[in-house]
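**Student:** So the sequences go chain by chain: A and B.
Mapping of the first sequence onto our numbering: position 39 corresponds to residue 39, and the numbering continues sequentially without gaps.
Mapping of the second sequence onto our numbering: position 92 corresponds to residue 1092, and the numbering continues sequentially without gaps.
Note that these hints are calculated values from the structure, not bench results.
Hints may be right or wrong, so weigh each one.
[Claimed, not checked] One-sided excerpt, in silico: chain A residues whose CB lies under 10 Å from chain B: (1) Ile11; (2) Leu15; (3) Leu23; (4) Ile56; (5) Phe58; (6) Pro103; (7) Leu112; (8) Asp124; (9) Trp174; (10) Leu175; (11) Trp177; (12) Gln287; (13) Ile289; (14) Val292; (15) Leu298.
Computed from a predicted model, the values in this text were never measured in an experiment.
A virtual CB, placed ideally from N, CA and C, is assigned to each residue, including glycine.
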Amino acid sequence: MTDKRLRHGTIVAGLLVAIVVPLFLSDYYQYEASEIAVLAILVLSLVLITGFVGQISFCQYSFAAIGAFTVGSLVGGHHWSFWLALVVAVAFSAVVGILVGIPALRLSGLFLAILTVAVALFFDRFLLAPGTWDSFSGGLEPWKIGRPSFVGIGLEGPYAYYAFALAAFVVVAWLVWNLRIGKTGRVLRAIRGSEIAASMIGIDVTLWKLAAFGLSAGLAGLAGGLLAADVGAVSPPSFDFLHSVTIAALATVMGVESIGGAAVGAFALIGIPEILSHTPISPDYFQLIVGVALIVQLVFAPQGAIVKMTEDVKRLIGRSTTDDPPAVTKELAKV
Amino acid sequence: MLLASANFGLLPSYTVIGLVLGGTFALAAIGLVLIYRVSGVLHFGHGAVAMFSTFIAYTVAVEWGLPSILGLFAAIIFGAGLGYLIERFTIRPLRDRPALTKVVVTIGWLLVLQTLAGAIWKNTAYHRPVQLVSRSGFKVPLIHLIIGYDQLTTMIVAVALALGTAALLRYTTLGISMRAVADDPDSARLWGVNVDRVTAASWMVGSAMAAIAGVLITPLISFTTFALTLIVIDAFTAALIGRLQSLPLTVVGAVFLGLAQTYPRAFVSNAGSGEVATFLLVIVTLLVLFRPGTSRVRLA
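Go ahead and model the full structure; you've got the sequences and the hints to work with.
**Tutor:** Right, here's the structure in full:
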């Protein structure tokens, strides 16, 4: 009971900070805050596929690119309404996610990782390369799109867009949280635990895995579309393979299972380069730091820094958690 | 995608380029398979190791103006040393952990090496390739074809090293120990094989081969940090064709990939057309050769 109270308290406090603090920041930092909120959705999409289903993905930015370039080409090239374009973007990304999911069904672990790298490079080097499909990628000229307005309220101001992006993140986080605690979450984690055991108790592993891929890619596409409107322009280099690797690495460092970890991860994704830019170290070293953190972390705290930190804090305040039984056993007991 | 006027007269020279490219892929892939077989780790940072070592060669040979062969030696030594460091300090401590954990560590190395190289040598800047031998060549009679001495050298080195690796695995104590560890580390240990040392040796040899592949490939691709790091995916593709087991099949796969990447450029005027070949090959190979039952890592 107290654990639940503690969690609710943390969420309310976190939200209050997220709503109030940016009010007092400059336009520039409000803009960065909205980027954090959007990227948090992208990290969540990764949490969904890696943390819940146990499938690794190095092409999450490619899914985001589909969202971003769908919005970019439809709004920037064909003058569609942003909202309609966003719906198409999410649907399109989800479909591509399912398409990637089909070969992924036969693969696991390492081989799936290779497949997602190939997908990411296919996007980088071919699909988004100038000359291949310019009416989608914009060729050498980035798509320019303005900020939309939401039920009559303009989102041009940095705080307005931030508030909108934060709301979107909260809705998505709520959705993912429900997936996690509901039947869906138990099914997905049963699949993660053991596909054979899951299929033995009557779970249609194929269908659920495809659904998870579709949903994860759809969320990534949503993040991409929102990022497009946030930045105001879309160009291929912002969605390359190295971005996908960095975000996957960061999600691992932060603990791929937790929603709170996603928010903190997105904060780090923007915050650390920002801090670095105020020091003699260049923000370009951010990926180096993530890489080193990843290696060091895997050697010392395999379950993720955030998860480990929470456990350490709990132990400190005397609410020691006993070692959990293996995930599969727990999941099987519940389904 | 514009169809360029198909020029069949260019086919012989494209074949040569494809074979040379395939030869360098084969070197990288052999190193990858060696590391995978002995230590059970699919090394995503393999291309990054090749890249960093190649830029060491670039510094020695181009920036300092020393003979290119010294640059190559520096790259080989650096590559082997880096391979040792990665294995000794970040892979060996994870011995009893899931295979995926070790793979993610190699991803960490990819990020570290890529970022460091970008900071030292600048990502997008043009770099003069490390030219080991002269670009001039000889004419092949009857057909319209000039083969560069550098291309010839690359092919010879690739073939020699592939055969050399096969001989190492077959005839030397180290090679036989490597095969023993690959088959079953526990019984290898019982037979008195120093598993740690053999594993480290496989990482050193594999990484040194990546370094050679990197130096040889510089005249063929855009010589940037990122492009070189990504030859890991070409190496993966070739290695997958060999089911991550067979070295001869890996070489065949590498040559096939080299040709498959080169030929489209004769017909399609699009920078990325070669990538489609890689992508399709990866998917087809994964789906055809790796059935659900076998897709687990046996060596983990």
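**Student:** All hints, please: hold or fail.
**Tutor:** Okay, the hints, checked on the actual structure:
1. Ile11: violated (29 Å)
2. Leu15: violated (32 Å)
3. Leu23: violated (35 Å)
4. Ile56: holds (7 Å)
5. Phe58: With a closest approach of 8 Å, the phenylalanine 58 of chain A hint holds.
6. Pro103: Interface hint status for proline 103 of chain A: holds (6 Å vs cutoff 10 Å).
7. Leu112: With Cβ-Cβ at 9 Å, under 10 Å, it holds.
8. Asp124: Check passed: Cβ of aspartate 124 of chain A comes within 8 Å of chain B, closer than 10 Å.
9. Trp174: violated (29 Å)
10. Leu175: Violated: closest Cβ of chain B sits about 27 Å from leucine 175 of chain A, beyond 10 Å.
11. Trp177: Violated, because the Cβ-Cβ distance from tryptophan 177 of chain A to chain B comes to roughly 25 Å (cut-off 10 Å).
12. Gln287: Holds - the Cβ of glutamine 287 of chain A comes within 10 Å of chain B, reaching about 4 Å at its closest.
13. Ile289: Hint holds; isoleucine 289 of chain A Cβ to chain B Cβ min 9 Å, cut 10 Å.
14. Val292: Result: holds, 6 Å to nearest chain B Cβ.
15. Leu298: holds (5 Å)
When the structure is compared with the earlier hints, violations turn up for hints 1, 2, 3, 9, 10 and 11 and for no others.
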